[in-house]
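Based on the provided sequences and hints, a complete structural model is requested.
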Amino acid sequence: MKDQITYIKNKIAEIGLEITDRQAEQFFKYYELLAEWNQFMNLTGITEFEEVVQKHFVDSLSIISYLNLEDVDNLIDIGTGAGFPGLPLKIAFPRLKVTLLDSLNKRIRFLDQVIQETCLQDVETIHGRAEDFSKEGVKREIYDICVSRAVANLATLCEYCLPYVKVGGRFVSYKSGEIEEELQNACKSVSILGGETEKCEKFYLPGTDIGRSMVIIQKIKKTPKKYPRKSGLPSRSPLS
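Residues 1 to 240 (our numbering) make up the sequence shown, in order.
Hints are computed from structural coordinates only; laboratory data are not their basis.
Glycine included, C-beta positions come from ideal geometry on N, C-alpha and C.
It is possible that some hints are incorrect.
To be verified - Ranges between beta-carbon positions, derived for each pair: (1) 127 x 235: 10 to 20 Å; (2) 210 x 16: 35 to 45 Å; (3) 49 x 224: 23 to 33 Å.
To be verified - Below, computed lysine to any residue pairings styled on SDA-like, alpha-carbon distance capped at 25 Å: (4) 202 x 177; (5) 166 x 224; (6) 202 x 105; (7) 221 x 168; (8) 11 x 55; (9) 221 x 206; (10) 11 x 206; (11) 199 x 230; (12) 166 x 227.
Next comes the structure, spelled out in structure tokens:
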């Protein structure tokens, strides 16, 4: 395991983040559980150790190059799946209060197992749809940051995610491939929902030719109460 711990630390150091041996051990335990559970449920198509470190862990942490997390108290990950990017961010920044939301209960069971076996504190898992938990008095507009590495288009993601973000906070969408048309189509959605596109940063994962984009949207005013619309509408009929 010593070689794997060193590998994890070195790869994460490539994006300018130093982690402890204990944190690297937590990442390795996360990887072991991911590989184990992936044998009987579809969590990820990426299973080789080096690839998981690079394409899941380092990718999840790449936000630190574009956003200062020192002033961030809480964070929600919408459509977290196998826990990316929320769980790597929690391991790397232990003081963060993190909420992980996913619509598939067996993924939540997996995440609960990871949280238990890595001894993480202040992590909440929620089984449900994004539209259902951003209503007034539940989780609406209470988070400094909402992150999502989900595959939905940006206009749809904005309707799912911006209602969770407090005014002054940010929604960060992890994207791959060409993003210009998607950004353009999301302009109306961003504005209606109280956001303003702050920047879109393009980069390559260290040591690869894998292009990524980080779309950062600032919440400048409250989201109108009628959003998000009822289940299914944000994906079937985006605000664009």
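For each hint, the structure was consulted:
1. Here the CB-CB span from residue 127 to residue 235 is close to 19 Å, well matched to the stated 10 to 20 Å.
2. In this structure, residue 210 and residue 16 break the distance hint of 35 to 45 Å, their C-beta atoms being roughly 18 Å apart.
3. Judged by the Cβ atoms, the range 23 to 33 Å given for residue 49 and residue 224 is violated: they are separated by roughly 46 Å.
4. A threshold of 25 Å between alpha carbons decides the hint, and for residue 202 with residue 177 the separation of about 10 Å falls inside it, so the pair holds.
5. Restraint check for residue 166 and residue 224: satisfied, since their Cα atoms lie roughly 13 Å apart, inside the 25 Å limit.
6. This hinted pair does not check out: residue 202 and residue 105 have alpha carbons roughly 33 Å apart, beyond 25 Å.
7. Restraint check for residue 221 and residue 168: satisfied, since their Cα atoms lie roughly 8 Å apart, inside the 25 Å limit.
8. At roughly 11 Å between alpha-carbon atoms, residue 11 and residue 55 fall within 25 Å of each other, so this suggested pair holds.
9. Between residue 221 and residue 206 the CA atoms are separated by roughly 36 Å; this puts the pair beyond 25 Å, and the hint is violated.
10. Pair hint residue 11 plus residue 206 holds up; C-alpha atoms about 8 Å apart against a cutoff of 25 Å.
11. In summary, the hint linking residue 199 to residue 230 is not supported, as the alpha carbons are separated by about 29 Å, beyond the 25 Å threshold.
12. This hinted pair checks out: residue 166 and residue 227 have alpha carbons roughly 14 Å apart, not beyond 25 Å.
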